[in-house]
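Number of protein chains: 2
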Amino acid sequence: MIKHSKDLRTDRVSNFRGGKGEIQMTHFLETEKNEFNAKGRLFAKNVLKPGTSIGYHEHVGDTETYVILSGEGLINDNGDQKPVKPGDVIITKNGESHSLENTGTVDLEVMALILFD
Amino acid sequence: MIKHSKDLRTDRVSNFRGGKGEIQMTHFLETEKNEFNAKGRLFAKNVLKPGTSIGYHEHVGDTETYVILSGEGLINDNGDQKPVKPGDVIITKNGESHSLENTGTVDLEVMALILFD
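Protein chains in written order, with full-length UniProt numbering: chain S, 1 to 117; chain F, 1 to 117.
Rather than coming from a laboratory, the hints here were simulated on the basis of the structure. C-beta atoms are modelled at their ideal positions from N, C-alpha and C, and glycine is treated no differently. Be a bit skeptical, because a hint or two may be false.
[What the hints assert, rightly or not] List of simulated lysine-lysine pairs, DSS-like, C-alpha gap at most 30 Å:
1. S/20 with S/6
2. S/82 with F/39
3. S/93 with S/39
4. S/85 with F/82
5. F/33 with S/49
[Unchecked claim] Only some residues are given here: those of chain F computed to face chain S with a beta carbon under 7 Å:
6. 3
7. 17
8. 42
9. 60
10. 63
11. 74
12. 77
13. 87
14. 91
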């Protein structure tokens, strides 16, 4: 089954997890259509414009993986702040926390996958 | 936990699933490190150079999602041949089949996620 990009659900979310500004989330799979086989709850591309962020938050009962696609930013990886660039992968396990901020001058695009524990 | 792009496992696979040429697979998560929480078995970026392909194959016991990142190609979506472009999502469920060929002039990059049924 093919979903064309124009048919994907895109949410614009302000102050996501307490972050700055508005981010955009484009969803590849939908829980309501059972497209995760009950194995997870998010597979999406997040776009953070310069200066915006996803606030620091804990993962409980699941693991989130970020894959940086483009742009540059600052990750808080369970307490450690580090710069990230395209190709970097950040894994935040059950009980761990993270935040992500676009500290660059172009859009920061990140693939996000959440799998249940 | 951060994995930098240079530390990711990249496989070069010839005639993958009976396809043409050699494709490149860069793995974001590893089964051996229990990074899928036993919920799936592949989260990777596949790069198909022009003229190469992933051969037609059936999925048994799992669902694979492709997200086209760049380039253009031809998908065989369980018997239907259709062109695909960046942003398109192809879902191949348990019992369904697919193939993907790079019919363009630049690399075809596709994110692949396999979740168990």
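Hint-by-hint comparison with the structure:
{"no.": "1", "hint": "S/20 with S/6", "result": "27 Å, holds"}
{"no.": "2", "hint": "S/82 with F/39", "result": "28 Å, holds"}
{"no.": "3", "hint": "S/93 with S/39", "result": "15 Å, holds"}
{"no.": "4", "hint": "S/85 with F/82", "result": "33 Å, violated"}
{"no.": "5", "hint": "F/33 with S/49", "result": "33 Å, violated"}
{"no.": "6", "hint": "3", "result": "4 Å, holds"}
{"no.": "7", "hint": "17", "result": "19 Å, violated"}
{"no.": "8", "hint": "42", "result": "11 Å, violated"}
{"no.": "9", "hint": "60", "result": "14 Å, violated"}
{"no.": "10", "hint": "63", "result": "6 Å, holds"}
{"no.": "11", "hint": "74", "result": "12 Å, violated"}
{"no.": "12", "hint": "77", "result": "6 Å, holds"}
{"no.": "13", "hint": "87", "result": "3 Å, holds"}
{"no.": "14", "hint": "91", "result": "5 Å, holds"}
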